[in-house]
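Participant: Respectively, the protein sequence lines represent chains H and V.
Residue numbering for the first sequence follows the numbering used here, beginning at 1 and increasing consecutively.
Residue numbering for the second sequence follows the numbering used here, beginning at 1 and increasing consecutively.
Hints are not guaranteed to be accurate.
Just a sample of chain H residues kept apart from chain V, beta carbon distances all over 12 Å, derived [stated by the list, open to error]:
id, residue
1, S19
2, A156
3, P336
In silico DSSO-like pairs for lysine-lysine, Cα to Cα no more than 27 Å straight-line [claimed, not checked]:
id, chain 1, residue 1, chain 2, residue 2
4, H, K269, V, K269
5, H, K29, H, K90
6, V, K35, V, K5
7, H, K35, H, K5
8, V, K58, H, K58
9, H, K90, H, K58
Listing some non-contacts, in silico: residues in chain H with all C-beta distances to chain V over 10 Å [unchecked claim]:
id, residue
10, T32
11, L43
12, D130
13, L135
14, S196
15, N210
16, E211
17, E265
18, R266
19, L335
20, A343
Derived by calculation from the structure, the hints in this document are not laboratory data.
Quick reminder that beta carbons are idealized off the backbone N, C-alpha and C, glycines included.
Protein chains: 2
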Amino acid sequence: MASRKEVADLAGVSEATVSRVLNGVGPIKEETRRKVIEASEQLGYVPSALARSFARSKSGNLGVVLPYVPKAHLFSAYFFSEMLSGIGSKARDNGMDLLVMFRTPGEVMNYTDLFRRQKVDACIILGARDDHGELAALQQLQQEGHPFCIMSQHFAGESFMEVDADHVDGSRQAIRHLTDQGYRNIAFLNGPDSYSNSQERLQGVQIGMNEAGMELDSSLLLEGNYGRRSGVEAAATIATRLDEIDAVFAANDRMAIGVMHGLRERGIKVQDFPAFVGYDDSDAAEMAVPPLSSVRVPFYEMGELAASKLIHASLGAAASSVNTELPAETARQLLPTELIIRASSIRNN
Amino acid sequence: MASRKEVADLAGVSEATVSRVLNGVGPIKEETRRKVIEASEQLGYVPSALARSFARSKSGNLGVVLPYVPKAHLFSAYFFSEMLSGIGSKARDNGMDLLVMFRTPGEVMNYTDLFRRQKVDACIILGARDDHGELAALQQLQQEGHPFCIMSQHFAGESFMEVDADHVDGSRQAIRHLTDQGYRNIAFLNGPDSYSNSQERLQGVQIGMNEAGMELDSSLLLEGNYGRRSGVEAAATIATRLDEIDAVFAANDRMAIGVMHGLRERGIKVQDFPAFVGYDDSDAAEMAVPPLSSVRVPFYEMGELAASKLIHASLGAAASSVNTELPAETARQLLPTELIIRASSIRNN
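So here's chain H without its partners, still in its complex pose (with noise of 0.2 Å):
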């Protein structure tokens, strides 16, 4: 078989160029990169990729852990396309593919048997659940000194290394919105509270209230589960009560949307709405009528900083020493999200 310094000289690079191409290390030129795959292929030099990965223990592979539920078209939620979409530009950039696993609901994921059979060189784990089995198998990652970087969920009092933004700020923005233009009546429609997020949305609920003199009416607080369906439920309620509630902030804009269309299968014109602003800014929100204003969540970008962390963390010093020396401060990390007013929001009268 050939050598590398054979391969080296046929494509007219450096033998530390052929190294990095056929380790997939950095960013390189997708002339020099066709040079080197050119050459080692004409002078039958092809080292398998995993006795590559083998001998350096990399499988070149960025993790990405989903949870999983049949036939709930996962792929299609814009929270998770989004992120995705950032990881996988980021992992691309850097030359790595992205392992795309499952994790069934109730099923307790054995993380660090994904790094000890060499299947990634670091993970992304979204939709981590906050319960004693979960934190546990983290717990041992970290342990391991396993790269690993949760999203959109947040274990207090550890130092994982986290990426998120700060729906604290975004959601207190959205009710001083609300409240500058003398809407007093909010009903505030929320996620499950088993998720940090959601926490985090009614902390800002509250402290935007506060802000404004006003404490937030328990009875006006109401709860769905992030799912279009569960916002037409809401609008029983809120229809009920529309002569006192001349507000609806909701945890999403799947819910929001669907608080509309339960007002208007009620036969509740637009122009007798209360005030909306949803979260998340997706595609949905331009595209409602009335266009629903919405806090941005920049998931884009929280996957490109994820996936950035990590691709240093594996590619830098030995691994071994990055999670667990990264300070509680550093390892999580908060993008700012951004109030955006469309019409639903604008008071007329």
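Start from chain H and add chain V according to the hints.
Facilitator: For chain V alone, kept in the frame of chain H given last:
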């Protein structure tokens, strides 16, 4: 190191089950899987996935190649996200992970290399290009007997395994729905001619027109790029000819909604809109105002079908005999499309 038999005894299962679990082959009950993994770990029998893969030349990964456009938020496109959800579902059911790889536009993809380097056991190609380099790469893949499947692109004269939807019939249905209600001047906003899917839509439009005793007026044939923006641009042409154009058929929902937005921007009221039929039946269709009639494409089911075909091919007999022996007529499989009628295309007068 412990033997497979010891693991089997401790877990209370057969040795074959131990192998199936550790090789990730076939459907396995979660409880059984856990028992085997726990027994393996207890006995220190945790074979490296790479070593195992090396021995059996299987990665356990189902590859998906996607076209990559920087910043394009690819996973957020309805088309891709639904197909990936279907693919992911079948992969998960069969204990396989999904290896997502991105292809830069203009790059000639070395598909064969993915198999030679044992990154994947089978591969799905989305967004294949209809050009010479791509065709040659696919022909090589087939000659070497690697299981692969092309989605949403047709290579005429080849016997590649292909999964697509019946876009000729879908477009015919859309046109017949319009002509049956008496619409005569139908503008057709198609996507780029380089996609076989666009060509099929045009063919369906012509058939539908002919069935109604009409011919497609070439001055009413417009071309966009499947993006919303190109619909907004087409609205400029449509707006100036609204006295003659009484219906618009767009090759996807995003363009149809773009046309609606463009008309609205020009101060044209919904009651003065032409009839609209879109294509894909994405989430956006239902949420549009007026709700958009659209041709439903079973993207999710297409993803499931492609994954199933490949998983059977790669798990079944020697992969080398699978692709090459498929007769052309079964190599290509089309799922039916269905027109969903909503308010946008129902004639009131």
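Participant: So, for every hint listed, does it hold in this structure?
Facilitator: Results for each hint:
1. S19: 15 Å, holds
2. A156: Correct as stated: the minimum Cβ-Cβ distance to chain V is 28 Å, above 12 Å.
3. P336: 19 Å, holds
4. K269(H) - K269(V): Measuring from Cα to Cα gives roughly 18 Å; hence the hint holds.
5. K29(H) - K90(H): 16 Å, holds
6. K35(V) - K5(V): 14 Å, holds
7. K35(H) - K5(H): Answer holds: K35(H) to K5(H) is near 14 Å, not above 27 Å.
8. K58(V) - K58(H): 17 Å, holds
9. K90(H) - K58(H): 18 Å, holds
10. T32: Correct as stated: the minimum Cβ-Cβ distance to chain V is 13 Å, above 10 Å.
11. L43: With a cut-off of 10 Å, L43(H) remains clear of chain V, as the shortest Cβ separation is near 14 Å.
12. D130: Label holds. Min Cβ-Cβ 21 Å, cutoff 10 Å.
13. L135: Consistent with the label, L135(H) stays out of reach of chain V, its closest Cβ about 18 Å off (over 10 Å).
14. S196: 24 Å, holds
15. N210: 35 Å, holds
16. E211: Label holds. Min Cβ-Cβ 33 Å, cutoff 10 Å.
17. E265: Non-interface label stands for E265(H): nearest chain V Cβ at 13 Å, farther than 10 Å.
18. R266: 18 Å, holds
19. L335: 16 Å, holds
20. A343: Given a closest Cβ separation of 12 Å, the condition holds.
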